[in-house]
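Student: Assembly of the complex is requested from the two constituent chains, each provided in isolation within its own frame, with the hints serving as guidance.
Just so you know, the sequences run in chain order A and B. When we follow this note's numbering, the leftmost residue of the first sequence carries the number 1040, and every step to the right adds one. When we follow this note's numbering, the leftmost residue of the second sequence carries the number 35, and every step to the right adds one.
In case anyone wonders, no lab produced these hints; they're calculated from the structure. Please read all numbers here as calculations on a predicted model, not as lab measurements. Some hints could be false.
Pairs of lysine-lysine residues, derived as PhoX-like cross-links and limited to a Cα-Cα distance of at most 25 Å, are as follows [said to hold, decoys possible]:
1) A:Lys1432 / A:Lys1385
2) B:Lys78 / B:Lys156
3) A:Lys1257 / B:Lys219
4) A:Lys1385 / A:Lys1486
5) A:Lys1236 / B:Lys156
6) B:Lys176 / B:Lys78
7) A:Lys1149 / A:Lys1531
8) B:Lys156 / A:Lys1274
9) A:Lys1236 / A:Lys1274
10) A:Lys1273 / A:Lys1260
11) A:Lys1444 / A:Lys1415
12) A:Lys1140 / A:Lys1060
13) A:Lys1489 / A:Lys1415
14) A:Lys1531 / A:Lys1489
15) B:Lys147 / B:Lys176
16) A:Lys1415 / A:Lys1486
17) B:Lys156 / A:Lys1273
18) B:Lys219 / A:Lys1260
19) B:Lys219 / A:Lys1097
20) A:Lys1149 / A:Lys1137
21) A:Lys1444 / A:Lys1486
22) B:Lys288 / B:Lys219
23) A:Lys1260 / A:Lys1244
24) A:Lys1244 / B:Lys156
25) A:Lys1260 / B:Lys156
26) A:Lys1486 / A:Lys1476
27) A:Lys1273 / A:Lys1257
28) B:Lys288 / A:Lys1257
29) B:Lys147 / A:Lys1260
30) A:Lys1274 / A:Lys1257
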Amino acid sequence: MNKLKKGVMARLLDYIAGRHKREFTVVIACILLSGVAGMAGNIFMQVIIDDYILKMVKTGEDLFGGLLAVLLIMGAVYLIGALGTLFYNRTIGVIGQKVLKEIRDDLFVKMQKLPISFFDSHTNGDIMSVYTNDTDTLRQFIVQSLPMMVSSFVTIIFSFCVMLHYSLPLTGIVLLVTVIMLIVAKCMVSYSGRYFKRQQDSMGKVNGYIEEMFGGLKVIKVFCHGRAAVDDFKKINEELYDNALRAGGASNIMMPVMAGFGNLEYLLAAVAGGAMALFGDGMFSTTIGTLISFLGLIRQFSNSITQSAQQMNSAIMGFAGASRIFALMDNEPEADEGFVTLVHAKEENGLIREDAAGNIYAWKYPHEDGSVTYTKVEGNVVFDHVDFSYDGKNTILHDISLYAKPGQKIAFVGATGAGKTTITNLINRFYDIADGKIRYDGININKIRKPDLRRSMSLILQDVNLFTGTILDNIRYGRLDATDEECIEAAKLAGADSFITRLPEGYYTVINGDENNLSQGQCQLISIARAAVADPPVMIMDEATSSIDTRTEAIVQAGMDRLMEGRTVFVIAHRLSTVRNSKAIMVLDHGRIIERGSHEQLIEEKGQYYQLYTGAFELE
Amino acid sequence: MAWSTVPPAEVPDIEDSKVNIDSVADGDIVFENVSFSYAGDPDKLCLTGIDLHIRSGETIGIIGGTGSGKTSLVQLIPRLYDATLGRVLVGGRDVRDYELDTLRNAVAVVLQKNVLFQGTIKENLRWGDENATDEELVEVCKLAQADPFISTFPDGYDTFIEQGGTNVSGGQKQRLCIARALLKKPKILILDDSTSAVDTRTDALIREGLKTYIPSTTKIIIAQRISSVQDADRIIVMDGGRIDAVGTHEELLKNNAIYREVYDSQQKGGNEDEQA
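Isolated chain B (complex conformation) (with noise of 0.2 Å):
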């Protein structure tokens, strides 16, 4: 019939799953031979056969080129989007089982696109949690290497950040956003190429923090530097919407073509290249 082509009325993508769960248990990760499509289309996959576990705790790295799925992979875990084939699980359940309020609020994520909102500094990191004490902001800011400059400022957390935060630099907003995510206290922290702007050292530094102040959480770091994910539990490498390989950084550098590639290309400017 001509008007079986009628669209069904708008519904919202992501809904609210029916079952009431009020907790995420821990921050063990599942994907279950997931594949994904921004259109929902099956011809167009950006991910494909996804099979992985995270144990909760866990520190991951991913590498990959533009393109290859990193950043997809990620955001099916706070269901951003959700899995076209497949499921993913979180604390051992669907995510789809979750309240979206639950799930979110159990899993932290650094985008790669960080937006800092109007207001002050003190504000801003509030939206991690917003009952913070102040000596809770200045804990998280210190780990995320932000304290220093935040106190250089003459306004100091007070400052007031201008629309879209044009008035910090890239590295002190990306160092700000993860002190924000750092306030959640999450089971999951996902920083999704979010130490690009800053230096190497201050890079290291944030990634010690984060192994001593939350050890418990599952910390999956996207990146493009070898040396800030060299030093996680396991590393992925993604090449074309697929896992390339899962190792560590010396199993990698031993089997994987791709990871050598990329760590022989960093290194090209000497030996102890950013080994920070």
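Extracted from the complex, chain A is given alone in its bound form (with noise of 0.2 Å):
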């Protein structure tokens, strides 16, 4: 704990100074003048009430050419204290909010590299909340509590000194009061701080609970689990309240509190301190002025120490904020060993080689030797006895051993459950496999990097996301380089080009994200001309058509089966209608491959295909 404390610091630190040293530097030296400029006020009073106001009254000498020379001295100082606290507030809230760009960014970077296996085990909510809540209770620490404590601790350390310097006896008092407030802080941060943390949890919670709810609402109003959903609603929101409550209670008393203390400290202090100047002598005895002085600086002490044990709480959750949020950043990316890497390449007399301007895609194998292979892409997926599993523990495929030819078709079917997606997961390695190998035209995929491997295959799922943006750029979105001529044949072939065209805008309409007019077919279609326009040798569709009605079906279907020429293709589909034409059909159970053949095969044997294809089955 301690550790990951003394990690957090070191890297918030490195956020804050190590990236911006100037005015960081800056910053440091405003608070240590303003500091200095607020103490050294404290200073003047002794000079010019020991030197000249009361030297004035008792010896009635004209001091007042003196005196003005002392006041203006003491106004620039002040100005100067003043002119240096605007400008690190000023200066650190520039640093605060460059900070969080900073971290957004890295986080947003970080994230695109973590596996799916992440996203599947944190809610989106939680992650979201990095984002949100988390950067801004930093922000509060960086602009608000870092300066503050910085600034109470120059200002503490000085006027301690200078105390020193004038009484030892009443510098004493001043500790033993001090102490005693220390200690009282203390329990006070430590109880408001429980509660601060417990406020951050239930705000948590109720934020899930809202968006859970939201995500819900038709269900709710068809069950009426309106009443219930707010009983519920109301008790974690109760839970926040109390929480809340009691944070902000214990820290609210805080000041008052400390400004009690700071009282007392004040009044022990001038009546020891009248004491002394009237009738203590050797150490015990000091002047008017310099009594004076001293008051002012106990008030500079005890603010101080107020202020930093207010800010006490804002830290310790800024610094839970930190540590969460390097938490994300900490976490393993998703590991890439491979360095097989696709490369555009020419076949002239039956060798390949590297070419840019290459027709055809190459994998581009260098070994130990120095030496380098180029094999074709040609969409050779075989499988060899997988097996895999999510958790290490239950097994979800067994000894899956199956082959794809180049340009074939393969299609998965079975029951909800019984491994047809994992399978696809498997080949793209959004999951590693646990045993066994999975090679790719003739390469181990595991030796393949990952970006190059999820190039050479288009997945085209069942929900489709598109992106804000024309439906140009969706399309490009397969190829980032293709042309604007590439996108629109792309779209032809998938028989998207008719009704885009039909479109008032055109290729150049807006989509927004889920909110657009278009329906679930015409989405689908866009996607279907985005793998176009990747033209990848293997695709992989998911239940690409089934939540399609079967009259746009047939027109996504002719796209697909235009894309689908002369790829390799792994189908899953629950319309057998879709798969009946595959090269070879897979049924899986229960993570099994039971049944494997060609339609006509797998009829004749009767099996559970034929059982499903026919409809051949007994109801109970």
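Tutor: Written as structure tokens, this is what we have:
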């Protein structure tokens, strides 16, 4: 725990100070300046009173000229201090925003590198709150608490030294009260800190509940569950209220309690100091001017302690936020030990060589001895006794062996949960297999760099994700360097061109994420065009047409059939009409291939497939 | 006057009725010249001139392309939205005459976008009836063909469902949602494309179960697959927000072009395809 905290502090400092050395130096310098200036003002008080006012009262001497000079200097010092305060507040604000921007950037970059399994085990709300809540507590810490605490620290040290210099016994009194003050503060901070932590947790719960109920709005209505939902919400909202009240309450009484101690300190020092000025001698004597200065210093001293105590909670919360931010950043990125890359190539006289302008793709396999082998990318996929488990305990796929030759269409059928989607997730290495081997054009896919592996295949899913932008942009998502003509060509191949050109803005129609006026079928057509422009040798279609009505499916299917030509295709579908013309059909059951063969063979066998296909089963 | 354009104070769209009727007589549904627009704008209708009488206890299939108005039509029954023009009657009374809870307790809808909530399977199912016994839960799950997979979970009916139901598959989620709806013992059961991720065989088993378990309940089944609706008493073919035809499977095959087209496209794979 302590070790982690230290790490967090060091990393936070790197973000704040390390990356903004110049600004941060200015901030520290200005804080020092304003601290010293505040102190100096008090010291001047002693000079003014002892050397001028009291002297003038006693002797009647005219020292107004000197007094004015000292007052002017004092004014200048205060002005410099005020300017320093202004400047560091402004600068730290800028640093704060810069740090937040960098942290958000780093988080987002990191997020793209995390494996799918990470997102399986973290809810969206969880991750979002790191971007919003945690960065916000951090901002408060950097912009508000950090400068206040540094400046308080400076004031505390300086004023303490000056007080020591003025009077040892009076400083002793101050020290005594301060120790009590610190003990009380510590108790209060830890009490309110506990509730601040609980407040954050309840806040998370409330947010999570709202998010969930929002998503299930219609279900709540059709089940008349509104009242029950309100009751549940009231319960957790009450909890939040309670914790917030306690946390806020404790931190709100902190100020008056601390101020009370400050006053006590002031009072004790004033009484003792007054007595010393009147009757004391030697070490126990003091002048009126020194006493007034001293009392001013006590004010600054106790105010600074109160302020730091006040900022403790926000510092703790900022730290907790930073810990969560760094914890997210520290997640293991998706491992990629692959070294085989995908390159453009040219084939001449049976020899393949790398050529950026080449019309084929090749796998570039660098060997240990420095030589390089090029293999043409064809889409030959082989599963060799593959086992798989999501958690290392429950095996989901058992001993899967299959091959798909270039240009073949392989279909997976079976009940939900049989493992169809899991198999396809292994081909593009969303997950890694536990045992066995998967080969792609004869190369173990573990040796292929993941981005290159995924670039060589397209995945078309049931739920289409289109991004905000024009239709053309969305198609180009398949291959970023595709020209407009290539995108339109792909749309024509997919059968999407006819509906796109009928839209008022054609290919430049802007799609807004989920809220667009396109039908599901049209979205799917765009996603097929997107795959077509990528032009990969391997395609995976996971229930690509199951949420489209059958009339639209006929159009989509035609587009897909054109796209599938000459490619290795893995198809998952419930509609047997979609899989019928496959080269081979794998019937899966509980993670095992229980039947395999062509449609005709499987019908002949009269097994599971035959039952599924003909509906020749007994109803209970 | 300038301020006459100020909109009236926000009022809930769907307001509870003043008349107090505490039960729905039966599952009889009437659409009387109903038109509907989500925006309440008569120029942007997504349902136009619907006239339809569904008798209590009937099984009705609805077929139609995306955007043809199937979901909009059934959402008017539990008053998720109100008809823009015309009126909808349930159990012989205008739906607006019922208290919302009364109406919605009598109408169970399994939505296209199924949602499960954080909590155990039992807790989720009890949304349908909070006083249901464990035996009743198992019974509806058997009917919805959910019991077999629930029993394979180590924690059975106490298995915890993550937010959004991410730890069960699409087909499993659909079956749980059907079970949840059955637990309400509704007068009207609406399945809005609720078995799309369930294989044909299980789909058939579910429909068979409904027939025997709740014979007097009006059942409305929206589906893409002809096989899911072909044994319904009547099938409604929707197209562009209108009812294109109503009839039995045989009648529609004979007389309705859209229905035949859908049927043919699903048969393309083979003569016996998806006859289950």
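Student: Each hint: holds or not?
Tutor: Verification of the hints:
no.: 1; hint: A:Lys1432 / A:Lys1385; verdict: violated, 46 Å
no.: 2; hint: B:Lys78 / B:Lys156; verdict: violated, 42 Å
no.: 3; hint: A:Lys1257 / B:Lys219; verdict: holds, 19 Å
no.: 4; hint: A:Lys1385 / A:Lys1486; verdict: holds, 23 Å
no.: 5; hint: A:Lys1236 / B:Lys156; verdict: violated, 32 Å
no.: 6; hint: B:Lys176 / B:Lys78; verdict: violated, 43 Å
no.: 7; hint: A:Lys1149 / A:Lys1531; verdict: violated, 37 Å
no.: 8; hint: B:Lys156 / A:Lys1274; verdict: holds, 21 Å
no.: 9; hint: A:Lys1236 / A:Lys1274; verdict: holds, 18 Å
no.: 10; hint: A:Lys1273 / A:Lys1260; verdict: holds, 18 Å
no.: 11; hint: A:Lys1444 / A:Lys1415; verdict: holds, 14 Å
no.: 12; hint: A:Lys1140 / A:Lys1060; verdict: holds, 17 Å
no.: 13; hint: A:Lys1489 / A:Lys1415; verdict: holds, 18 Å
no.: 14; hint: A:Lys1531 / A:Lys1489; verdict: violated, 30 Å
no.: 15; hint: B:Lys147 / B:Lys176; verdict: holds, 22 Å
no.: 16; hint: A:Lys1415 / A:Lys1486; verdict: holds, 16 Å
no.: 17; hint: B:Lys156 / A:Lys1273; verdict: holds, 23 Å
no.: 18; hint: B:Lys219 / A:Lys1260; verdict: holds, 17 Å
no.: 19; hint: B:Lys219 / A:Lys1097; verdict: violated, 102 Å
no.: 20; hint: A:Lys1149 / A:Lys1137; verdict: holds, 18 Å
no.: 21; hint: A:Lys1444 / A:Lys1486; verdict: holds, 20 Å
no.: 22; hint: B:Lys288 / B:Lys219; verdict: violated, 36 Å
no.: 23; hint: A:Lys1260 / A:Lys1244; verdict: holds, 22 Å
no.: 24; hint: A:Lys1244 / B:Lys156; verdict: holds, 22 Å
no.: 25; hint: A:Lys1260 / B:Lys156; verdict: holds, 20 Å
no.: 26; hint: A:Lys1486 / A:Lys1476; verdict: holds, 11 Å
no.: 27; hint: A:Lys1273 / A:Lys1257; verdict: holds, 20 Å
no.: 28; hint: B:Lys288 / A:Lys1257; verdict: violated, 38 Å
no.: 29; hint: B:Lys147 / A:Lys1260; verdict: holds, 14 Å
no.: 30; hint: A:Lys1274 / A:Lys1257; verdict: holds, 22 Å
When each numbered hint is compared with the structure, violations occur for hints 1, 2, 5, 6, 7, 14, 19, 22, 28.
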